[in-house]
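All chains should be built: construct the whole structure from the sequences, respecting the hints.
For reference, the chains in residue letters:
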Amino acid sequence: MAGQGIWSGTISFSLVAIPVRLVKAIEPGRVSFHMLHSKDYARLSRKMFCPGEETMVPTDEIIRGYEIAPDKYILMTDEELESVSPERSRTIEIVEFIDMEEVDPVYYDHPYYLVPSKGGEKAYRLLVEVMRRTNRAGLAKFVLAEREYLVAVTPRDGALALTTLHYSEEIVPDEDLPPKKGKIAAEEQSRIKKSIEQMIEDFDPGKYANERRKKLMDLLATKAKEKALVEAPVVEEEEGEGPPDLVAALEESMRKVKSR
Amino acid sequence: MNRTFVEMAGKRLSLSNLEKDFYPSDGFTKAHVLEYYRRIAPFILPHLKDRALTLKRYPEGVGKGFFFEKRCPSHRPAWVKTAEIPQNDGERMTVCLVNDLETLIWAENLASVELHVPLARANSPETPDSMVFDLDPGDQAGILECARVAMIIRDLLSRMGLASYAKTSGKKGLHVYVPLNRKETTFEDTKTFSKAVAGIMQKHYPDLVTARMAKKERNAKVFINWSQNDASKTMICVYSLRAREKAIVSFPLEWMELEHPAGLGDPERLQVTHSEALIRADKKGDLFREVLVKEQKLPHL
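Sequence lines, in order, name chains A and B. Each residue of the first sequence is one higher than the one before, starting from 123 at the first, in this note's numbering. Each residue of the second sequence is one higher than the one before, starting from -1 at the first, in this note's numbering.
Since the hints were derived computationally from the structure, they do not count as laboratory data. Each residue gets a CB set at the ideal place from its N, CA and C atoms; glycine is no exception. Just to be clear, a hint being listed does not mean it is correct.
[Claimed, not checked] Cβ-to-Cβ under 7 Å is the rule here; a few derived chain B residues that face chain A:
1. Gly61
2. Phe65
3. Leu154
4. Met158
5. Thr190
6. Ala194
7. Gly197
8. Ile198
9. Gln200
10. Leu206
Rendered as C-alpha cells:
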C-alpha cells in the first residue's frame, strides 16, 4: 500500500525522533480531460497574452504583481518571495498534544498517513499505542513544498494519520449564518425528530459509489474498444541551431568524420 | 474467465486468459508473452528499475486496440512498488515501478505487451540519465537507412568524446542512446544537444536526414526525433516486446552488426524475434549495460 512517499523525514517531540514517510490517504477519482482543437485534434496549450501590446509574452518577460488598488501593483521578485518562504525542513515537530474532539471538522484540510521508515518501526508502534491510550492528537507545524502547514497527527488503526489543518484566518466566520430565532411548535419538532430516528444507520461509505465516474469510465472503455480515437498532429518546435560553441564543435567533428 | 494461480517469492498472483492468442499470425499466446518476460527478466529489470512505467495494454491481443495507462491501476496488489510523479497541473500521480519479477509478471498479466519508460528515474524526474536519438524512417526508407544515420551519429559523437549504443525500436527504426548518468544533466541539456546534432546531420546529409517532424518531409529520409529528450516522453524499454504482427523485440545491437547490414540481404534480418532475443541475451549478456552506468558529460553546453 505504502508507496515511496511524497516526503520523508522524522516526527519528533521532546527527545523522541522517529523516521517516517508521508503517503497519501486518498486518491481522488477525478477523470480529467485535455482540451483539443476540434479541427485537427491538436492538444491546446496556454499562452500568456498581453492586451497592451496585443502579443504573446515569453516566459522571461513575466513578473509577479500584487494588486493593491485597481491597476496599481506592488512588484514581487522571486528572491523576495523566497525570503519569506519557510526553510525546507525534515522534521514534523509536535509542539502540543490536544483533544481531537475539540477540533471543528471545518478545520480539516487533507488526510495523509505517516508510515515508519527503516529503523523506526519500534518507536513508531510505541508512539501510536501511547497516543491511542491517551486519546490525544499531536499538533505540529510542517513544511511541504515551500508551504508551512498546521497539522494534527492522530492514531488510526495502528498507524499514524496526519491531517493538514486550515489556519483560523482561512475559516469563514459563521455568526451571520443561522437564521433569527422563531417559535417552533412542539408537535412539529417531535414529528421531525421521529422521521430522523427512522432513518438512522451506521455510516458505511462503501454503500455509496461515485456513479458518474463509474458510468464515465464504462463509456470510455466502450469507446476505446470501438477505436473511436483521434490522433493529434505532429507539431513543429521552433527552429534554431543551438549554442554557437556546440555548433562549431559539431561542425569540426563532422568535417573529420566526412574526411575519413 | 480462465484463471491460474501462481505464487512467486511468497506473493500470490492470479493469471487470466493465458490461452488467448496475442499474436495470432505468430501462434504466440498470452502464456508465451508471460514466459518471454519471465525469461528476459534478468536483462530487462535493470532497465525498468525505478522508472515510471507506462502500461500499453492490449487486452484482446495485438492489432485489436490498446490503451495507455500511466496511472498505476488502483486494483494493484499491495506489494507493487509505486512512486508519486508531479504532473504539469501540480497534481501528483501514482505510477508503478517494475523493480522485481513479480511486478513484471503482474504487469504482463494486464496485457501490457509493450513497456514504455522515461529517460529519467522516478525519484529524479528532471534528470535524464541518457540522451536519445530516435531514428524514424519515412515511408520509402527503412532500417538500413537508419543504420547509416546511426553510424554517422556514433562517429560524430565519438569525435566529441561520447560513446553511444544502439538498439532496434522493434518497429522500423533504431534508437541511439548516449549514457550520461550525472545528476547535473537536465532535459534542457539533452534537448539542446540532440537538436543541434539533428540540425547538423540534416545540413550535411540533406538527402538522408530530416530533423523536422512533418511526415510529408520524410519520404526516403530518416527523421532524427530529438524531441524524445523530454521529461514527459517515454521510450520503448530495451528488451520489450512490440505489438506488431510478429513478436519482435526492441533489442540492443553491436555496432559491428550495423556496419555490414547489407550482407544480410534482407533488412528484416536486423529485427530480433522473441526466441532470438533470449538466445542472444544469454550468449552476449546485456549489451545495454553501459547505458545504465557509464558517466559522460555533454561538452560545449
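Here's how the hints hold up against the structure:
{"no.": "1", "hint": "Gly61", "result": "11 Å, violated"}
{"no.": "2", "hint": "Phe65", "result": "5 Å, holds"}
{"no.": "3", "hint": "Leu154", "result": "5 Å, holds"}
{"no.": "4", "hint": "Met158", "result": "5 Å, holds"}
{"no.": "5", "hint": "Thr190", "result": "6 Å, holds"}
{"no.": "6", "hint": "Ala194", "result": "3 Å, holds"}
{"no.": "7", "hint": "Gly197", "result": "5 Å, holds"}
{"no.": "8", "hint": "Ile198", "result": "5 Å, holds"}
{"no.": "9", "hint": "Gln200", "result": "11 Å, violated"}
{"no.": "10", "hint": "Leu206", "result": "13 Å, violated"}
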